[in-house]
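Visitor: Sequence:
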Amino acid sequence: MIEDGSGLSLEASVDPDLRAAEYVLGSLDAWDRAEVTRQATTDARMADQIRVWERWLAPLLDAIPPVAPQWNLHAALLKALPERSE
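Our numbering puts the first residue of the sequence shown at 1, with every later residue one more than the last.
What the hints contain is simulated information worked out from the structure, not anything from laboratory work. Accuracy of the hints is not assured; some may be wrong.
Claimed, not checked - Distance windows between CB atoms, simulated: (1) Ala80 with Asp29: 16 to 26 Å; (2) Pro65 with Gly26: 12 to 22 Å; (3) Asp15 with Arg55: 10 to 20 Å; (4) Thr37 with Leu61: 32 to 42 Å; (5) Trp71 with Ala47: 15 to 25 Å; (6) Val52 with Ser85: 40 to 50 Å; (7) Arg45 with Ser85: 40 to 50 Å; (8) Ser85 with Asp48: 43 to 53 Å.
Where is the CB? At the ideal position from N, CA and C, for every residue including glycine.
From just these sequences and the hints, can you work out the full model?
Guide: Structural data, given as structure tokens:
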């Protein structure tokens with residue numbers, strides 16, 4: 001648990017509306033995303049906040065054209081990874 005100096009964990013001191021927005025935007029790390037996903041299954045208020053942000057941000061998806069990855073992206077990623085020793 002990370003402390004912020006107030007005696008509360010950072011997770012407890014973050015505005016739930018902000019966490020819902022970050023969840024919808026995809027800007028949370030894997031641990032925080034899993035935590036918000038879990039919270040949304042047991043906390044109707046969090047689930048509602050997520051739905052509000054999804055509805056509010058959805059029109060932006062229409063404004064952004066899809067971008068296809070370069071044909072050689074997969075090979076470039078594999079080349080950039082360190083070799084595994086077995």
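Visitor: Hint by hint, note whether the structure agrees.
Guide: Each hint, compared with the structure:
Against the hinted window of 16 to 26 Å, the Cβ-Cβ separation of Ala80 and Asp29 comes to about 21 Å, which satisfies the hint. At about 18 Å, the CB distance of Pro65 to Gly26 agrees with the hint of 12 to 22 Å. Take Asp15 and Arg55: their Cβ atoms lie about 19 Å apart, and the range 10 to 20 Å holds. The hinted range of 32 to 42 Å is not satisfied by Thr37 and Leu61, whose Cβ atoms lie roughly 20 Å apart.
Distance hint check: the CB atoms of Trp71 and Ala47 are about 40 Å apart, inconsistent with the given range 15 to 25 Å. Distance hint check for Val52 and Ser85: the Cβ-Cβ separation is about 49 Å, which falls inside the suggested range of 40 to 50 Å. For Arg45 paired with Ser85, a C-beta distance near 49 Å keeps the hint of 40 to 50 Å intact. Distance hint check: the CB atoms of Ser85 and Asp48 are about 49 Å apart, consistent with the given range 43 to 53 Å.
Hints 4 and 5, counting from the list given before, are not met by this structure.
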